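In case you want the letters, here they are:
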Amino acid sequence: MTIDYALIWAGLIAFAVLAYVCLDGFDLGIGILFPFAKDEEQRDHMMNSVAPVWDGNETWLVLGGGGLFAVFPLAYSIIMPALYAPFFIMLLALVFRGVAFEFRWKSHNRKYLWDFAFAGGSTVATFAQGMALGGLVQGIPVSGRAYAGGWWDWLSPFSMLTGVALVIGYSLLGSTWLILKAEGNLQAMAYRIARVAGVLMLIMIGIVSCWSPFLHEHFMQKWFAWPAMLFVAPVPILVLLCAFILFRGLKHQQALAPFMATQCLFVLSYIGLVISFFPYIVPSSVTLWAAAAPENSLKFLLVGACVLIPIILTYTAYSYWVFRGKVGQTSAYHS
Amino acid sequence: MEWFDAHTLARMQFAFTVSFHIIFPSFSIGLASYLAVLNGLHLFTGKTVYLTLFNYWKKIFAVAFGMGVVSGIVMSYEFGTNWSVFADKVGPVIGPLMGYEVMSAFFLEAGFLGVMLFGRERVGPRLHFFATLMVAAGTAMSAFWILSVNSWMQTPAGFGYNDVGQFIVKDWLEVIFNPSLPYRLVHMVLAAYLTTAFVVAGVGAFHLLKARKLQATDASTALSREATRTMFSMAMWMIAIVIPLQLEAGDQHGLNTFKYQPRKIAAIEGHYETVARAPLILFGIPDSKEQKMNYVVEIPILGSLILTHSVDGVIQGMKQWPRDEQPPMGIVFFAFRGMVGIGMLMLCIGLWSLWLRYKGKLYDTPLMHRASVLMAPAGFVAVLCGWVVTEVGRQPYTVYNLLTTIHSASPVDAAAVGSTLIAFIVIYFTLFGAGVFYILRLMSHAPLQEASDTLSHAPMRAAGFVPPTFRENDSRSKP
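Protein chains in written order, with the numbering used here: chain A, 1 to 335; chain B, 1001 to 1479.
The shape of chain A in the complex, shown without the other chains:
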């Protein structure tokens, strides 16, 4: 039996992107929710809740991009020029919010500027990510080994929708993370936001799920053709189950359940996307086998990935463990 390295790598890259979404999603969400904070003390707590881990979270984005470059160079060299503007907007927005983590504490009387940079950067980066995703899902015209579309092709009602959807999704991740890490008024605020964001998120999942099958013939066949439908049916059913756990958790003021349920919603939405995409890496244009690097490149990096990714996951988990519990529990609340 021959080993399909391209398929293994597609799985690993998909995992890296998913890890990015699940992890950086909640710290971007904290940034999106920054304007809702009542005072500086609340903003301090919000930022502190992600300060020790955001850097590691964002590294998954580098692995996603760098990994694509390494193992699917053709896809990388088609997707990046096609989504030129959203990617640059995302990168620059990430610069704004990244530096705010340190600069905010160093500024004497211009702290509000970095609050603004953190909130604005997080929101814009998320929106751009969502639009990039929408632009990729709707398809990219390819000719030969290069992108063959225009510079505004990514901008469409669908990509605007996915942009908004991701901002809502990350807000939900952020608010449920805050439920987990905060106490008192801040936690109460997080519960309120999570209820609204949860409803909006489900609506968005619904719209995107109904819209995307019409974008490509092969999407439609997977989701609505018998008997394939039977195999994909668990995804929407599990989405409903997670939604139930989320709202029950919010109602009963549970701390961990809403966050985990939201993460599961993201994982399920992502699985839905993967099902739609397969076997394409650029929908309807390039399959993952056509995009894959030569086999010895895949093998060489796979050896490292098998050894290093488990180690990475171990110390990442350790780092989360070190900073477990409520943020700032020894400092007095002034509220």
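I should point out that these hints are in silico values taken from the structure, not numbers from a laboratory. None of the values given here were measured: they were computed from a predicted structure. Glycine residues also receive a C-beta, built at the ideal position from the N, C-alpha and C atoms. It is possible that some hints are incorrect.
[To be verified] Residues from chain B that keep clear of chain A, each with C-beta distances beyond 10 angstroms, as calculated:
# : residue
1 : His1007
2 : Pro1182
3 : Trp1237
4 : Arg1277
5 : Lys1292
6 : Trp1352
[Stated by the list, open to error] The list that follows gives simulated cross-link-like pairs (lysine-lysine, DSSO-like), each with its CA atoms no further than 30 angstroms apart:
#  : chain 1 : residue 1 : chain 2 : residue 2
7  : A       : Lys111    : B       : Lys1058
8  : B       : Lys1319   : B       : Lys1259
9  : B       : Lys1047   : B       : Lys1359
10 : B       : Lys1361   : B       : Lys1047
11 : B       : Lys1170   : A       : Lys299
12 : B       : Lys1058   : B       : Lys1361
13 : A       : Lys326    : B       : Lys1361
Starting from the known structure of chain A, fit chain B onto it as the hints suggest.
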């Protein structure tokens, strides 16, 4: 050259973003190691002064590292957005090396950075030292992989081609340990250590100058003074030891370049004509149109002696190659002289420090301290000059002799590249300007003399019992 075509703009954008980026790693590679040393010294000697210094430089490291991370993420996507043909063709070779960089270095740094910055009280001194070591190891491994990538582009080895025109790998060891890697790696890592040492020395010297008029009246001021002296002394040892090594490493790197990239050497040396018994040109104004040097100041025979270690050695001149295969001589020629000039000044500082130490006057020579303050940014300038030499000197190729820069670019509009270039210039100067300002402000306070009011809500104060010394030293932990 057309200034406003997409290819030229993409080159300007890459040059701008990578030049800004390299400033931060060249500082944080050295500073991470310094922090590991300080943490280790405190762990094994128990002396408070080392922990004081650790906490002082830790805050500066956090700001610099953050800027390095965000400017680095940009780089990892720029290959695809602006250089997609390059990415497609070269991805199978250098992509996996960068994949190893991400997995072995970036995650390691990021994973332990939080513990290093905020977690000392949560994990205890031993694990905290371990975390600091891991951050330092991460920066070093990152340097190894990315320099391997760069070196492969300069001196490609161990590769072949497939039928769609991509480079493919025949031998990974030959790719990774390509002919110029050892030289470039040693030269760059030493450069990073020197850059950091000069910054630390400059900050130490600044506070030595400021403290001259003050008398140490209480224990805190005394400790602050001890910390200042210790950082100055450690930095001066580092400079005195590393600068001779760096000069030797630079010479060896030059010989390696002479062997593999003679065009770059022709530009560095300023030779248009191929000559034996070549002089060493100290100064001149290259005229690329007429293909000759004007206003030359030179030392006979020394050029051949340095590069070939023989009086009769032949150095190839730039005219040997057609004009469209020549790197621009002026930039390379002057950048090289800038780098070597700074290296010589560094050597003077190193020797002077040894003399003063021997005389017992290291802390009492204001002239030396003023010179150190002036030299504090010298490492950054030298690093930038060095990279300009090596990157401009390998033009017009991205993969030396095999793939030209112009055939590497993405099929993107000039307008798209131009507008992102402007955005980068405006945003980088604003944000990183603010960052440098904050770093300078942190440096303007002596150890233990920081204004604590602004930092009272800084991230992650300690969860439990905080020993009084930590409270005093670590302004991140709220009393």
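Hint check:
1. Against chain A, the non-interface label of histidine 1007(B) holds: every CB pair exceeds 10 angstroms, the least being about 14 angstroms.
2. Proline 1182(B), annotated as away from the interface, keeps every beta carbon of chain A farther than 10 angstroms; the closest lies near 21 angstroms.
3. Chain A leaves tryptophan 1237(B) outside its interface by the beta-carbon criterion, the shortest separation being 30 angstroms against a cut-off of 10 angstroms.
4. No Cβ of chain A comes within 10 angstroms of the Cβ of arginine 1277(B); the nearest lies about 47 angstroms off, and the non-interface call holds.
5. Listed as outside the interface, lysine 1292(B) is consistent with that label: its C-beta sits roughly 42 angstroms from the nearest C-beta of chain A, beyond the 10 angstroms cut-off.
6. Under the 10 angstroms C-beta cut-off, the non-interface status given to tryptophan 1352(B) relative to chain A holds; the minimum distance is some 34 angstroms.
7. As the CA atoms of lysine 111(A) and lysine 1058(B) are separated by approximately 21 angstroms, the hinted pair is consistent with the 30 angstroms bound.
8. For the suggested pair lysine 1319(B) and lysine 1259(B), the alpha carbons sit about 18 angstroms apart, so the restraint of at most 30 angstroms is met.
9. With a CA separation close to 26 angstroms, the supplied pair lysine 1047(B) and lysine 1359(B) stays within the 30 angstroms bound.
10. The straight-line distance between the Cα atoms of lysine 1361(B) and lysine 1047(B) is roughly 24 angstroms, inside the 30 angstroms bound, and the hint therefore holds.
11. The straight-line distance between the Cα atoms of lysine 1170(B) and lysine 299(A) is roughly 13 angstroms, inside the 30 angstroms bound, and the hint therefore holds.
12. A C-alpha spacing of about 29 angstroms is found between lysine 1058(B) and lysine 1361(B), which places the hinted pair at or below 30 angstroms, so the restraint holds.
13. Of the pairs offered as hints, the one joining lysine 326(A) and lysine 1361(B) is violated, with about 52 angstroms between alpha carbons and a cut-off of 30 angstroms exceeded.
Of the numbered hints given earlier, the model fails hint 13 alone.
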